[in-house]
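K.L.:
Protein chains in written order, with our numbering: chain A, 1 to 290; chain B, 1001 to 1123.
Calculated from the structure, these hints are not laboratory results.
All values derive from a computational prediction rather than experimental measurement.
Take these hints with a grain of salt, some might be off.
[Claimed, not checked] Dumping the calculated DSSO-like pairs for lysine-lysine here, alpha-carbon to alpha-carbon at most 30 angstroms: (1) A/K55 - A/K29; (2) B/K1097 - B/K1033; (3) A/K29 - B/K1053; (4) A/K122 - A/K136; (5) A/K174 - B/K1009; (6) A/K262 - B/K1053; (7) B/K1096 - B/K1033; (8) A/K262 - B/K1096; (9) A/K114 - A/K128; (10) A/K254 - A/K21; (11) B/K1053 - B/K1109; (12) A/K262 - B/K1097; (13) B/K1097 - A/K241; (14) A/K254 - B/K1097; (15) A/K29 - B/K1087; (16) B/K1033 - A/K174; (17) A/K31 - B/K1067; (18) B/K1009 - A/K262; (19) A/K289 - B/K1053; (20) B/K1053 - A/K215; (21) B/K1083 - A/K174; (22) B/K1009 - A/K261.
[To be verified] Computed far set for chain B versus chain A, every beta-carbon distance over 12 angstroms: (23) N1002; (24) L1005; (25) E1017; (26) L1024; (27) I1027; (28) E1039; (29) R1061; (30) I1082; (31) L1100; (32) R1114; (33) M1115; (34) G1118.
By construction, the Cβ of each residue, glycine as well, lies at the ideal position given by its N, Cα and C atoms.
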Amino acid sequence: MSNILECKDIVKRFKDKDALKGVSLTLEKGKIYGMIGRNGAGKTTLLSIMSAQSKPTSGSVNLDGEEVWENQKCIDNICFSRELNPLSTFGPNNVKVKELLRMASIYYPYWDKKMADSLVKKFDINIKQRISKLSKGMLSMVTIIIALASKSEFTILDEPVAGLDVVAREQFYKLLLDEYNETGRTFVISTHIIEEAADLFEEVIIVNNGNILLKENTMDLLERAYHVSGSADDINTLIEKYEAHHVENMGRSKGATILFKKGERMESSQDVMVQPVSLQNLFVALCGKE
Amino acid sequence: MNEILTQEKSIYIQISEMIERDILRDIILEEEKVPSTNEIAKLYAINPATAAKGVNILVDRGVLYKKRGIGMFVAKGAKEMIKEKRKEDFYDNYVKKLLLEASNIGITKEELVRMIEGSQGEI
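Whenever a hint applies, use it, and build me the whole structure from the sequences.
P.N.:
Laid out in structure tokens, this is it:
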């Protein structure tokens, strides 16, 4: 039984850049986590270290207290379905879909062949085609099939919906929920399509500049995030009092995104308009640079 | 159920309000089973914990009750309960906003009363 995946002080240094600057993160079994962050924030690096596919410069990753690096017992319980890139000359590009799925069935000890076959049918994928010849959407579908059919306790999907059309994305969210309801597996999903997936995540992890900016229950987070607007004087008073982000001026008017502390609240009044914000709005407010 | 979710309110609140509306409109009857949290989660592509939170608000208020191993059911007298609660909330949800907007644009109390009395509305 795997219950807790824990990263401690992960640093990943590339030649000229620290991709991760001391990340600590604990994931509990049985939740759907969403990981969001800008391009280059360090999401994929972190996910591949979490799944023991690359080694951190320093720091450790433990599954139930056991170091995961080169530890077969731990690796058996973690699946990281990477984004496939048709242009890369390395990796599985020259093989056919059929062969890639067969490799996955050997690599993942809990592989569910029946599920993989039914998903191939559902997504209408030609398994005789080479990976390098697949469209962007088809590539996404193959990574989704591998992730779901791996049946790994901790399953990590790196941008599973990039390249999928809106109908296929909806289909994926429902497939994921079906699998989650049935098994209670843990999923970590990174995505740039925040608006759609926000309601799917029990917890959201925001990665920014090689650090974890925030990890919190999505509902709790949104319940303390509001956009306020009104006269510059009124809003300035609020900005001094509360944690404010993304302040914007227009003439005498001012707006800001406010992150209240738990339990703090403010009502709309005649002078100050208080509006709820979406996870996407909040993300832009927190991570967007002026 | 089957309404479209909006950005204006927390999703779990929208879920609980939707179930209430269905009970008020006799789409779900008293002593009948309401959709499971997994069904609701899948319909809206939301986390089952969110759907459960919406359902549990109604359980806490006695509108729904749990039959172990079967699911959630609408309690007897749920319709009355919902109406009572909405009456209680009427001042906060409607009257307060009405008064705020009235004062914003300078409608006096007398004018407001005259409008309500003269309205050809349903009351």
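K.L.:
Run every hint past the structure and note whether it holds.
P.N.:
Evaluated hints:
1. A/K55 - A/K29: holds (23 angstroms)
2. B/K1097 - B/K1033: With Cα atoms ~35 angstroms apart, B/K1097 and B/K1033 exceed 30 angstroms; violated.
3. A/K29 - B/K1053: It holds: about 20 angstroms lies between the C-alpha atoms, which stays within 30 angstroms.
4. A/K122 - A/K136: Roughly 17 angstroms between the alpha carbons, so the hint for A/K122 and A/K136 holds.
5. A/K174 - B/K1009: Given pair A/K174, B/K1009 holds - Cα atoms ~23 angstroms apart, limit 30 angstroms.
6. A/K262 - B/K1053: Judged against 30 angstroms, a Cα distance of about 18 angstroms means the pair holds.
7. B/K1096 - B/K1033: violated (36 angstroms)
8. A/K262 - B/K1096: Within the cut-off at roughly 26 angstroms; holds.
9. A/K114 - A/K128: holds (18 angstroms)
10. A/K254 - A/K21: Distance ~35 angstroms between A/K254 and A/K21 Cα, so the pair is violated.
11. B/K1053 - B/K1109: Answer violated: B/K1053 to B/K1109 is near 40 angstroms, above 30 angstroms.
12. A/K262 - B/K1097: holds (26 angstroms)
13. B/K1097 - A/K241: Status holds; Cα separation ~26 angstroms.
14. A/K254 - B/K1097: holds (23 angstroms)
15. A/K29 - B/K1087: violated (43 angstroms)
16. B/K1033 - A/K174: Measuring from Cα to Cα gives roughly 23 angstroms; hence the hint holds.
17. A/K31 - B/K1067: It holds: about 26 angstroms lies between the C-alpha atoms, which stays within 30 angstroms.
18. B/K1009 - A/K262: With a Cα-Cα distance of about 18 angstroms, the restraint between B/K1009 and A/K262 holds, given a limit of 30 angstroms.
19. A/K289 - B/K1053: violated (35 angstroms)
20. B/K1053 - A/K215: holds (20 angstroms)
21. B/K1083 - A/K174: Given that 30 angstroms is the threshold and the Cα spacing comes to 34 angstroms, the pair is violated.
22. B/K1009 - A/K261: Within the cut-off at roughly 19 angstroms; holds.
23. N1002: It holds; B/N1002 is separated from chain A by about 15 angstroms at its closest Cβ, greater than 12 angstroms.
24. L1005: B/L1005 not clear of chain A: closest Cβ-Cβ about 8 angstroms, inside 12 angstroms.
25. E1017: At about 15 angstroms from chain A, B/E1017 clears the 12 angstroms cut-off, so the statement holds.
26. L1024: holds (25 angstroms)
27. I1027: holds (23 angstroms)
28. E1039: violated (9 angstroms)
29. R1061: Nearest chain A Cβ is 19 angstroms from B/R1061, so the label holds.
30. I1082: holds (23 angstroms)
31. L1100: It is violated; B/L1100 is separated from chain A by about 6 angstroms at its closest Cβ, not greater than 12 angstroms.
32. R1114: holds (23 angstroms)
33. M1115: holds (20 angstroms)
34. G1118: Label holds. Min Cβ-Cβ 26 angstroms, cutoff 12 angstroms.
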